[in-house]
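Novice: Take a look at the letters that make up each chain.
Number of protein chains: 2
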Amino acid sequence: MEFKLKPIGIVHSPFKKKEDIESKKYADSRGFDSIQGELEIFKEYEDGLKDIEGFSHLIVLFTFHRSEGYRLHTKPLLEDTLRGVFSTRSPNRPNPLGMTVVNVIKRKGNILKVSGIDMIEGTPILDIKPYTSRDQKSSIKLGWLKKRMKKTQKDKS
Amino acid sequence: MEFKLKPIGIVHSPFKKKEDIESKKYADSRGFDSIQGELEIFKEYEDGLKDIEGFSHLIVLFTFHRSEGYRLHTKPLLEDTLRGVFSTRSPNRPNPLGMTVVNVIKRKGNILKVSGIDMIEGTPILDIKPYTSRDQKSSIKLGWLKKRMKKTQKDKS
Chain A
0 MEFKLKPIGI VHSPFKKKED IESKKYADSR GFDSIQGELE IFKEYEDGLK
50 DIEGFSHLIV LFTFHRSEGY RLHTKPLLED TLRGVFSTRS PNRPNPLGMT
100 VVNVIKRKGN ILKVSGIDMI EGTPILDIKP YTSRDQKSSI KLGWLKKRMK
150 KTQKDKS
Chain B
0 MEFKLKPIGI VHSPFKKKED IESKKYADSR GFDSIQGELE IFKEYEDGLK
50 DIEGFSHLIV LFTFHRSEGY RLHTKPLLED TLRGVFSTRS PNRPNPLGMT
100 VVNVIKRKGN ILKVSGIDMI EGTPILDIKP YTSRDQKSSI KLGWLKKRMK
150 KTQKDKS
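Quick note, the sequences are listed as chains A and B, same order. Okay, so the first sequence: first residue is 0 according to numbering that gives the first Met the number 0, each after it adds one. Okay, so the second sequence: first residue is 0 according to numbering that gives the first Met the number 0, each after it adds one.
The hints are simulated quantities; they were obtained by calculation from the structure and are not laboratory data. There could be a bad hint or two in this list.
Chain copies aren't distinguished; within one or between two, either way the pair holds.
As the list claims (entries may be wrong) - Calculated pairs, DSSO-like style, for lysine-lysine (alpha carbon to alpha carbon, straight line, at most 27 Å):
#1 Lys136 with Lys105
#2 Lys15 with Lys146
#3 Lys140 with Lys3
#4 Lys23 with Lys49
#5 Lys140 with Lys49
#6 Lys49 with Lys16
#7 Lys42 with Lys136
#8 Lys107 with Lys3
#9 Lys42 with Lys140
#10 Lys146 with Lys112
#11 Lys145 with Lys3
#12 Lys112 with Lys74
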C-alpha cells in the first residue's frame, strides 16, 4: 500500500540550505519564533484559504525534500546519544514528513506571511490546517529532550 | 512532482466507521481526550520507538484512508457555512493527511496504548513525532471555530 501526495505550495525561507538551520542558536524551544517567511500556496488551491485569516496559528505539513534515507536509531542534532527516530524530529525518517506550527502575520491572496519558519527555501507544502484548542496540551513530559528544551508550557507568547 | 509514502503502522480504534466519529458529543475541544486505542507500529519499525516512553504526548500523522476527493470550499461537520478547506480539519482535502496529538498511556513492544484517538479502525499511520514545547502555542485565535471550541488554552489537563 502506497500513497501519492503532491505539493499544494512552497515555503519561502531565509534558510537556504539545511546547514543554515542546524545551529545551536535555534535549539531553544522559542528559537524559530522570530524567523519570518512566506507560504506560497499554488493559485489552483487559493480558494481553499478562505477564512484562514481568522486563525492565529497554522499547522503546516511538508516534506523534508532534502532528506536522504533514514536509520531507526539516530543521533539528534547537537546530541551524542542514539535515539529512536520516532522520538526525534529528525528529517531523516521512514516517511520524510515534517510538521511545524507557524504564526500568521498576514495573508495577501495566495501568499501567507508567517513567523516560526524552520524549513528551508523551496520546501514543498502538503497541507495547512488551523491550530485549535485540541492541539494545545499542557503538563507535557519531554523525555530525553527535557534537558534541552526550556519548559515553556506556562509562557504567554 | 509527487511523493510516495507507505504506512509504518495502523490505528486500532473503538470507532469502526466515519459515522461513529461524526457526532455532536465529540465537538467539544476535549471531546476525544478519553477515547483510548492503540497505535500498532509494524515490527520492522519497532526499533524506531526507542526512548518514546519518556514523552507524554505524540504527534501522529496519518492518512484519511476513507477520504473521497475534496472541494476547496467545504461545510465542516455540524456547520452550515462553507469554509476554505485549509481553515478546516476536514478529511476531504487535496492531500488527505491527518494530524492528531495523542497521550501515551503505555508501550508494549511495538504497541502504543494511547488516549485522544479520533481516527477510525485501520487508519494507516505515516509518522510519529514527540510533541514538544515548540508545539505548545498560547493566546491562539480560532477564527470561525471560536464559537464552537471552548477556549481551553488556560486549562490544565
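Novice: Failing hints, ascending?
Specialist: Checked against the structure, the hints that fail are numbers 2, 3, 6, 7, 8 and 11, while the rest are satisfied.
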